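*Asks:* Following the hints, complete the assembly by docking chain B onto the known chain A.
Residue numbers (the numbering used here), protein chains in the order written: chain A, 1 to 280; chain B, 1001 to 1235.
Be careful, since some hints might not be right.
What follows is a set of in silico ranges between Cβ atoms, one per label pair, in the way DEER data are often shown [claimed, not checked]:
#	chain 1	residue 1	chain 2	residue 2	range
1	B	Thr1109	A	Phe172	20 to 26 Å
2	A	Val33	B	Asp1152	35 to 41 Å
3	B	Asp1152	A	Gly144	32 to 38 Å
4	B	Asp1052	A	Leu194	28 to 34 Å
5	A	Leu171	B	Asp1031	56 to 62 Å
6	B	Asp1167	A	Glu41	42 to 48 Å
7	B	Asp1152	A	Arg45	18 to 24 Å
8	A	Ala224	B	Asp1031	47 to 53 Å
Below are the DSBU-like pairs computed for lysine-lysine, each with C-alpha atoms no more than 35 Å apart in a straight line [what the hints assert, rightly or not]:
#	chain 1	residue 1	chain 2	residue 2
9	B	Lys1199	B	Lys1103
10	A	Lys52	B	Lys1035
11	B	Lys1057	B	Lys1036
12	A	Lys276	B	Lys1068
The set of hints was computed from the structure by calculation and includes no laboratory data. It should be emphasised that the depicted structure is a prediction, and the values quoted were computed from it without experimental measurement. Just so you know, even glycine gets a beta-carbon here, dropped at the ideal spot from N, CA and C.
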Amino acid sequence: MRLFWLEIYKTFSRWRTYIGFGFIALVVLLTEVVMKLSAVEILNRMMRSTQKDFLIFGNVLNGWFVTAFIMNTLHIHIPFLIALVAGDIVSGEATSGTVRFLLIRPPSRVKIIAAKYVATLFYTTGLVIFLGLVCILPGLALFGSGDLIIHHFGRFGVVFIPEVEIPVRMLFAFMAAIWSMTAVASIAFLLSTLVENSIGPIIGTMAVVIVFLVIGNFPFDFFATLKPYLFTTYMVFWQRFLDDPIPWQEIVKSAAILGLHSLGLFFIAFGAYARKDIKS
Amino acid sequence: MKKILLCLLWVPFLFSPGLLQAQEEGARTLDALQKKYSGLKDYTVDVNVHFDVEGFKAPDMQAKLFCKPPDKMKIESKRIFFLPKEGGTFNPFMFNKEDFEVKLLERLTYEGRNVVKLKLTPKKRKLNAQDFILTVDTDRHLIREMNTSSFDGREVKALIEYGNFGDFDLPTRIELHLNVQFSESMEIRDFGPSAQPAKRVTGRVDITYSNYKVNVGLSDEIFKERDSSKLGGRP
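One chain only, chain A, in its complex shape (with noise of 0.2 Å):
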């Protein structure tokens, strides 16, 4: 426990921590701004296909709304911002000349490397959190609350989720995220386990993370026989509790696989780590 706080007061100590942490405030702040300025723009053109049949009446645009908008767009920026910090976590000690002198100490290099684990899940953890409280709270104040309307892309579809089942349903939805988002950090990880630089890890995850995203939406038969093989088609199961029914197998697959990928990738990052050659 005091090796996991160590690392977390480690972690927090660094400046890029904060970026992330950063980029969000900025990014969903002048999001809600931007959309509370051109609210009948957006809607219209978020909603045309539903409003060539329908008339709509009602607070659309609400704060769920716009979490949920706002959600969709940054889940392909958010794991940028998780590598940044767990890529650097274990490399960051040999960049920094520490590594040795931690690894001779009493803890064992299994207590070492699952405290640099789960303060990277810490920080994962926050970071999502902190996403959602971001876009929750300032949206609420901006936009005020009602049903959640969600439209499917690229098809007909409509959902309605009544107000008094979103708060719950958005708690899932972030805790889904927050496990998707384990799967990234956890790459990250094992990355910054091989090398010894932190500017490798971060590459690299973005690297595996956008080529993944690539192949599983690209439109031809070849790559859509890959798609079942990648994590990232798993990643945004969150976007499961936002319909209706709730497809409880679905996730739980997702869920389920993407937290066998975590548990892959650290066990192979304990190993790598076990096995370090700290002499030359």
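*Replies:* Positioned in the frame of chain A, the structure of chain B alone reads:
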């Protein structure tokens, strides 16, 4: 040969009185419809909408509708409310004979009553212009069925049931059958994660009306309120 040609030239003129008469009858039917509701100054009604449309997952929606013919409408709802654009509201003044070319298609009986089927083609062709086929009860001067089809393949059929409220026959239920072509806007299709080609969406929407209050003297002011952050619509 010349005689035959001359005879053929006369044929349209022989039928034209019938055609004109049919057109006049169609126009008269529309006139009678409007005349029936000429005393309807305004009304309020509670609306319940039940959706059974493919891909549209929404619970029943309730709202209060304020209407002041010919063109003022307001919806008051504590929650989000969707109302089908075509056939979702009752406006007897929307079929103005000056705005349409009216063609009488046929006479028939509908639930034991005499009805006529009229085809209404808008005189001014707009981007979203569409033809209407109305089945009008000529005994009670009521629109019983309304079929619309637009150039982009949107088809809507409305079956209307009426009740009597304050000397007026007003709808108690409208059953809408939708068959619409759904295609996402270009900008979403280009950048959307899983864009799909256009497809047809079918479904049924049941709209029930209750608690009518007719000619209560609604002020024009209540139709002016509009919040810029909310979507709204016109009838």
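*Asks:* For every hint, state whether the structure bears it out.
*Replies:* Here's how the hints hold up against the structure:
Roughly 57 Å separates the CB atoms of Thr1109 of chain B and Phe172 of chain A, a value that falls outside the hinted 20 to 26 Å. Range check, Val33 of chain A to Asp1152 of chain B: about 36 Å between beta-carbon atoms, so the 35 to 41 Å window is met. Here the CB-CB span from Asp1152 of chain B to Gly144 of chain A is close to 35 Å, well matched to the stated 32 to 38 Å. The supplied range of 28 to 34 Å is broken by Asp1052 of chain B and Leu194 of chain A, whose beta-carbon atoms lie about 56 Å from each other.
Separated by about 60 Å at the C-beta atoms, Leu171 of chain A and Asp1031 of chain B satisfy the suggested range of 56 to 62 Å. At about 45 Å, the CB distance of Asp1167 of chain B to Glu41 of chain A agrees with the hint of 42 to 48 Å. Look at Asp1152 of chain B against Arg45 of chain A: about 19 Å separates their beta carbons, and that is inside 18 to 24 Å. Restraint check, Ala224 of chain A to Asp1031 of chain B: a C-beta distance of roughly 60 Å breaks the suggested window 47 to 53 Å.
Distance restraint check for Lys1199 of chain B and Lys1103 of chain B: the Cα-Cα separation of roughly 32 Å lies within the 35 Å cut-off, and the hinted pair is therefore satisfied. Among the hinted pairs, Lys52 of chain A with Lys1035 of chain B is consistent with the structure: their alpha-carbon atoms are about 31 Å apart, no more than 35 Å. For the suggested pair Lys1057 of chain B and Lys1036 of chain B, the alpha carbons sit about 38 Å apart, so the restraint of at most 35 Å is broken. Straight-line distance between C-alpha atoms of Lys276 of chain A and Lys1068 of chain B comes to about 80 Å, which puts the hinted pair past the 35 Å bound.
Hint compliance for this structure: hints 1, 4, 8, 11, 12 are not met, and every other hint is.
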